[in-house]
Amino acid sequence: MKSIYHGLSKTEEVLSWGAEALIVKTTFLGHPAVKKVRIPKPYRCRELDEFLRRRRTLLEAKLLHYSIKSGVPAPAVYAIDLAKTTIVIEFLEGELLKKVLEKKKVNNLANILEEAGYFAGCLHEAGIVHGDLTTSNIMVCNAKPVLIDFGLGAFSRDYEDQSVDLHLFLRSLESTHFSIAEDVFKHFIRGYEKARGKNKTEKILSNVKDIRMRGRYVSERRIKRKRGQITT
Amino acid sequence: MSLNEIIILGIETTAHTFGVGIFSSLKGILANVNDAYVPLEGGIHPREAAEHHASVAHKVLSKALSIANVKMEDITAVAASFGPGLGPCLRVGCSVARALAAHYSKPLVPVNHCVAHIEIARYLLKVSDPLVVYVSGGNTIIAAYSDGRYRVFGETLDIALGNCLDVFAREIGLGLPGPPHLEEKAKKAKKFIELPYIVKGQDLSLSGLLTKALEIASSDTNYSLEDLCYSFIETAYGMLIEVTERALAHTRKNSVVLTGGVARSKVLQKKLEIMCKLHSVNFMTVPAEYAGDNGGMIAYTGYLCYSHGITIPVEKSYIRPRWRLDEVDIPWFKQD
Ligand SMILES: Nc1ncnc2c1ncn2[C@@H]1O[C@H](COP(=O)(O)OP(=O)(O)O)[C@@H](O)[C@H]1O
Ligand SMILES: [Mg+2]
Chain X
1 MKSIYHGLSK
11 TEEVLSWGAE
21 ALIVKTTFLG
31 HPAVKKVRIP
41 KPYRCRELDE
51 FLRRRRTLLE
61 AKLLHYSIKS
71 GVPAPAVYAI
81 DLAKTTIVIE
91 FLEGELLKKV
101 LEKKKVNNLA
111 NILEEAGYFA
121 GCLHEAGIVH
131 GDLTTSNIMV
141 CNAKPVLIDF
151 GLGAFSRDYE
161 DQSVDLHLFL
171 RSLESTHFSI
181 AEDVFKHFIR
191 GYEKARGKNK
201 TEKILSNVKD
211 IRMRGRYVSE
221 RRIKRKRGQI
231 TT
Chain Y
1001 MSLNEIIILG
1011 IETTAHTFGV
1021 GIFSSLKGIL
1031 ANVNDAYVPL
1041 EGGIHPREAA
1051 EHHASVAHKV
1061 LSKALSIANV
1071 KMEDITAVAA
1081 SFGPGLGPCL
1091 RVGCSVARAL
1101 AAHYSKPLVP
1111 VNHCVAHIEI
1121 ARYLLKVSDP
1131 LVVYVSGGNT
1141 IIAAYSDGRY
1151 RVFGETLDIA
1161 LGNCLDVFAR
1171 EIGLGLPGPP
1181 HLEEKAKKAK
1191 KFIELPYIVK
1201 GQDLSLSGLL
1211 TKALEIASSD
1221 TNYSLEDLCY
1231 SFIETAYGML
1241 IEVTERALAH
1251 TRKNSVVLTG
1261 GVARSKVLQK
1271 KLEIMCKLHS
1281 VNFMTVPAEY
1291 AGDNGGMIAY
1301 TGYLCYSHGI
1311 TIPVEKSYIR
1321 PRWRLDEVDI
1331 PWFKQD
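Chains X and Y, in that order, are what the protein sequence lines are.
All residue numbers for the first sequence refer to this note's numbering, where the first residue is 1 and numbers rise by one.
All residue numbers for the second sequence refer to this note's numbering, where the first residue is 1001 and numbers rise by one.
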């Protein structure tokens, strides 16, 4: 993947090459900054690939902006280059929640987890869903959670979308932090409920249970289907 | 038969296939006989599939025993897929397994169908710790080993990939199975049509794509069927590869294995291979005979379970239609 690194100056450093983007540490008008470049995917046809990268680049910039506007900490947006499917955002001095959870006891992180849940709740209240809520997309800076990676998010007030956010978060705990998943989720939901109230939270949590029954057991659902009829 | 040889008879019965496999600890897989129920029209109907299973059970069983050249008396234990799957189908296979176990006084071994898909992949491809992409008519799961179990790192939020492709192919008048027919049509496409592409975190959602594509197929004459097929599979496969890539970035495994009925798709194989190259990881596909549902994988996994003391008393052996992959302990797993 040499070509990706073309166009990087000597002072720039690759921080991460995840599933979707190349994350480069850089500076912007003297400020430490992060350049997030969505690179082409050769396994998708060109039209689809370009469409997705552009849409997500633009969406991420917008959602970061609206997140901050609704009081939820996220990196500030410095610049957008749609042609290069690149955004330049504020560099955060901190660590991924995933790493923090690997090192510290859950009990000592109760406040951070609760606040992360609170912020997720605030996002939902503000009509934003994150779309990829995992412990790899929450940074901890000065003992405060900050949300990153909004490219799969959406402007939505739909309960289903909000439930998917919580489902994704819970599943990321179960697959990556299995032994502490339950405790982490408990703290997180306490914060979430502070932002959203008891009724909405309960409604969404029951929907989360529903979602978990779906994908893996489609065969089970198919029993209810009449022959030849398409239900999706 | 030598004294320390363990021979397991495994019965697969979760959905459309009734299969019997026989595995020997010394000689490997001795037989893998499978009979799939093919609906005359429409999708799989659980009760009809179950009737099919009941009607072929005896034939499949005798054929497997004769190919393996063993008698029921030589069998060490009887394994069956207890779930996840369709209740009526599971009931048939498990009744057969219970009856055999009781009549011949053999231990009964409960096997999780999804675990079996993963184990047979690791066994045949000799890969120790892969990221597994399991795509079939009823399942779309991306899983990998972590801390004692196979954990789910991505899955469908609604319908399975195989189901999605088959329903679309059937509704637009192409034959089953869907993928080869759709891929053939797609070869003659001229342009890409934008369809719902829905990735949510590590998961994908296919029902929006199916609904929209069917709507276009039935009402919009501006698009050719070829273009629609092309766009449909590009979008569906694109989503699956993307969530696989996400899981890969997350787990950092160094190999990817494709299995399940849809693993036969050459187009899907090619795309996954390209993605794996990008990340410098190995890519492998389970041979077709063992990629779809089959008795061989149940026999082999039954052997792993049995040699780790996992058996179930006949009177307590209930089927488990919703048995989750990540509920099963994997004590035989050795990470290197
Ligand atoms: N603003 C930032 N400041 C510091 N590090 C960041 C920032 N944004 C992302 N990172 C680092 O890069 C990684 C990947 O970024 P992310 O936006 O989540 O992209 P991806 O889509 O590849 O997951 C993060 O997990 C984090 O470690
Ligand atoms: Mg991320």
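A couple of the hints might just be wrong.
Stated by the list, open to error - Over 10 Å on every C-beta distance to chain X, these chain Y residues come out as not near it, computed from the model:
{"hint": "1", "residue": "D1220"}
{"hint": "2", "residue": "V1281"}
{"hint": "3", "residue": "W1332"}
As the list claims (entries may be wrong) - Using 20 Å as the maximum straight-line C-alpha spacing, the simulated SDA-like pairs for lysine to any residue come out as follows:
{"hint": "4", "chain 1": "X", "residue 1": "K25", "chain 2": "X", "residue 2": "K69"}
{"hint": "5", "chain 1": "X", "residue 1": "K62", "chain 2": "X", "residue 2": "E90"}
{"hint": "6", "chain 1": "Y", "residue 1": "K1212", "chain 2": "X", "residue 2": "F51"}
{"hint": "7", "chain 1": "Y", "residue 1": "K1063", "chain 2": "Y", "residue 2": "L1100"}
{"hint": "8", "chain 1": "Y", "residue 1": "K1266", "chain 2": "X", "residue 2": "P42"}
{"hint": "9", "chain 1": "Y", "residue 1": "K1190", "chain 2": "X", "residue 2": "K98"}
{"hint": "10", "chain 1": "Y", "residue 1": "K1191", "chain 2": "X", "residue 2": "L52"}
{"hint": "11", "chain 1": "Y", "residue 1": "K1191", "chain 2": "X", "residue 2": "C45"}
{"hint": "12", "chain 1": "Y", "residue 1": "K1277", "chain 2": "X", "residue 2": "K99"}
{"hint": "13", "chain 1": "Y", "residue 1": "K1190", "chain 2": "X", "residue 2": "L48"}
{"hint": "14", "chain 1": "Y", "residue 1": "K1212", "chain 2": "X", "residue 2": "M213"}
{"hint": "15", "chain 1": "X", "residue 1": "K98", "chain 2": "X", "residue 2": "H187"}
{"hint": "16", "chain 1": "X", "residue 1": "K99", "chain 2": "Y", "residue 2": "K1191"}
{"hint": "17", "chain 1": "Y", "residue 1": "K1190", "chain 2": "X", "residue 2": "F51"}
{"hint": "18", "chain 1": "Y", "residue 1": "K1063", "chain 2": "Y", "residue 2": "P1088"}
{"hint": "19", "chain 1": "Y", "residue 1": "K1191", "chain 2": "X", "residue 2": "E50"}
{"hint": "20", "chain 1": "Y", "residue 1": "K1187", "chain 2": "X", "residue 2": "C45"}
{"hint": "21", "chain 1": "Y", "residue 1": "K1190", "chain 2": "Y", "residue 2": "P1180"}
{"hint": "22", "chain 1": "Y", "residue 1": "K1270", "chain 2": "X", "residue 2": "R46"}
{"hint": "23", "chain 1": "Y", "residue 1": "K1187", "chain 2": "X", "residue 2": "I68"}
Derived from the structure by calculation, the hints contain no laboratory data.
Here the structure is a predicted model, which is why all the values come from computation and not from measurement.
Backbone N, C-alpha and C define an ideal beta-carbon position, used for all residues, glycine too.
Structure-based check of each hint:
1. D1220: Non-interface label stands for D1220(Y): nearest chain X Cβ at 17 Å, farther than 10 Å.
2. V1281: 13 Å, holds
3. W1332: The claim stands: W1332(Y) keeps its Cβ more than 10 Å from every Cβ of chain X (closest is about 19 Å).
4. K25(X) with K69(X): 25 Å, violated
5. K62(X) with E90(X): 14 Å, holds
6. K1212(Y) with F51(X): Within the cut-off at roughly 18 Å; holds.
7. K1063(Y) with L1100(Y): 16 Å, holds
8. K1266(Y) with P42(X): 16 Å, holds
9. K1190(Y) with K98(X): At roughly 45 Å apart (the allowed maximum being 20 Å), K98(X) and K1190(Y) break the hint.
10. K1191(Y) with L52(X): Since the Cα atoms of K1191(Y) and L52(X) sit roughly 17 Å apart, the hinted pair holds (cutoff 20 Å).
11. K1191(Y) with C45(X): 10 Å, holds
12. K1277(Y) with K99(X): Judged against 20 Å, a Cα distance of about 28 Å means the pair is violated.
13. K1190(Y) with L48(X): 14 Å, holds
14. K1212(Y) with M213(X): Given pair K1212(Y), M213(X) is violated - Cα atoms ~24 Å apart, limit 20 Å.
15. K98(X) with H187(X): 15 Å, holds
16. K99(X) with K1191(Y): 45 Å, violated
17. K1190(Y) with F51(X): Between K1190(Y) and F51(X) the Cα gap is close to 18 Å, so the pair holds against 20 Å.
18. K1063(Y) with P1088(Y): Roughly 24 Å between the alpha carbons, so the hint for K1063(Y) and P1088(Y) is violated.
19. K1191(Y) with E50(X): Given pair K1191(Y), E50(X) holds - Cα atoms ~15 Å apart, limit 20 Å.
20. K1187(Y) with C45(X): Within the cut-off at roughly 13 Å; holds.
21. K1190(Y) with P1180(Y): Holds, at roughly 19 Å.
22. K1270(Y) with R46(X): 16 Å, holds
23. K1187(Y) with I68(X): 47 Å, violated
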